[in-house]
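Letter by letter, the chains look like this.
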Amino acid sequence: MDFLVSSFSSALRLIGALSPDVVDAVRTSLSISAGATVFAAIFGIPLGLLVGLSDFPLKRLVVTVLNTLMAVPTVVVGLLVYGFLSRQGPLGVLGLLFTPTAIVIGGTLLAAPIVANYALASVRGADPRIVPTALTLGAGRFRAVATLIGEIRFGILAAVIAGFGRVVSEVGVAMMLGGNIRGYTRTMTTAIALETSKGEFAFGMALGIVLMMVALIVNLFLNLLQQR
Amino acid sequence: MYRLQSIRVRYGSNVALDVEELTIAEGRLYTLTGANGAGKSTLLSILAFLTPPTSGEIFYAGNRVDWTHGSVEEYRRKVTLLHQSPYLFGGSVHDNVAFGLKVRGIPGEEHRRIVDRALDGVGLQGFRDRKARELSGGEAQRVAMARAMALNPEVLLLDEPLANIDRETAGLLETVIASLPAQGTTVVMTTHDPDHPGRLNGESIHLEGGRHVVQPLR
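If you're matching them up, the sequences are chains A and B in order.
Mapping the first sequence onto the numbering used here, position 172 (from 1) lands on 172, and the numbers just tick up by one.
To convert, take the position in the second sequence, counting from 1, and add 1000; that gives the numbering used here.
Among the clues, some could well be false.
Stated by the list, open to error - Stretches of chain B that chain A covers, calculated by requiring three or more beta carbons in the stretch to come under 8 Å of a beta carbon on chain A: (1) 1071–1077; (2) 1086–1095; (3) 1099–1110.
As the list claims (entries may be wrong) - Residues of chain A placed beyond 12 Å of chain B at every Cβ, according to the derived structure: (4) Phe8; (5) Gly89; (6) Pro90; (7) Asp127; (8) Arg129; (9) Leu135; (10) Ala144.
If you are wondering where the hints come from, they were derived from the structure by calculation, not from laboratory data.
Keep in mind the model is a prediction, meaning the values are calculated, not measured.
In this text, a Cβ means the ideal position worked out from N, Cα and C, and glycines have one as well.
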């Protein structure tokens, strides 16, 4: 028990002193997660809206695939992207492996299905009177859909936040595609895994506390939006 | 205003509407009656150009409606449907009443004048900046009526506009509705109240099992 208490107080000291290693890992994590979330939103939101608003023969299958993609293990996504970006892979010539860009690509693939599913759920849960009301007031199809998106904007924002939550807390993609290079691709999660295995438990705990705080803030924000 | 010929709407094997011939004259008020499931809402949806019929033809102001996107959008700007439980968009009462004005490209400086006049018409002076979602059921119904009237439509379609609201609001809306034909607006409203045709000086369209039948004697 003493070990845990002393590690915890050391972790708080590291956070309070703004240890450069902690700050670096936090900064890298947040910037990579933000980048991946932006791309996941760019792909995921239109995809979710398109599936939610249109009827086509294989819609059920597409929804099932989207749901399944949410549960894909992070290491599988890491493995797939690794195959493309490694030197022998089709995109190896770009030299992206073990760079923040590689983690952003993996994070995007991880978060996009989540964003798409949340956006799809928002469309499905939207009041069915929105589009007919807009149409009967003279809106064209695009304006009616834009009105619908405006009405479910908090659901869409919740989709983006959920995507961010997924990327910031994952470790498989960041480890496999980033390589945990200190000050470059070392994120909070990879640093926790590595430093703990090296016996730097207090350092891992410091990052764990920051990560929990980020997750808490993200979820508080998400709950706040879902209540609106 | 409208001429419907051999209009049929099918949902699978069910025939929801089967109207051989129906004419709705300009500047008149019609009450649309019938039991639940008689096809009233389906007919209103077609008259509002929201749902095309499975078969048959509709003529509006003498022109055959071909249901292509551009053409239907043109017709929709002349006709407004007010649902029984209308949806108000998030934002203020002004945002709601001005929605159709913005869609039509009416300059912003005119919005305030038109919105205020429409709200006056339904007895909601001073409600312009109120949040739409915080209104009572009767107030929301009146805002929806103001939103429709602000557009000065050629045809106003009303789906049981006087149901589920208090007597005072119902009386006010009934007066507003009765005054519309004199201003050139054609009104078609569904109702379960057998006194409405007489009280509103309107004509009756009666549906039974999706078919247009001559109003039974009472």
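Hint check:
Only when three residues or more bring their CB closer than 8 Å to a CB of chain A does the claim for the region 1071–1077 of chain B stand; here the count is 3, and the claim holds. For the region 1086–1095 of chain B, the stated coverage by chain A holds: 4 residues have a C-beta nearer than 8 Å to a C-beta of that chain, and at least 3 were required. Given as covered by chain A, the region 1099–1110 of chain B passes the check, having 4 residues with a CB less than 8 Å from a CB of that chain where 3 are the minimum. Residue placement check: Phe8 of chain A keeps its beta carbon more than 12 Å from all beta carbons of chain B (closest about 45 Å).
Against chain B, the non-interface label of Gly89 of chain A holds: every CB pair exceeds 12 Å, the least being about 45 Å. At roughly 42 Å, the least C-beta separation between Pro90 of chain A and chain B is larger than 12 Å, which holds for a residue marked as non-interface. Non-interface call for Asp127 of chain A relative to chain B: violated, since the shortest CB-CB distance, roughly 6 Å, does not exceed 12 Å. With a cut of 12 Å on Cβ distances, Arg129 of chain A falls inside the contact zone with chain B, its closest approach being about 4 Å.
Look at Leu135 of chain A: its CB is around 6 Å from the nearest CB on chain B, not clear of 12 Å, so calling it non-interface is violated. Against the 12 Å criterion, Ala144 of chain A falls within the reach of chain B, whose nearest CB is about 9 Å from its own CB.
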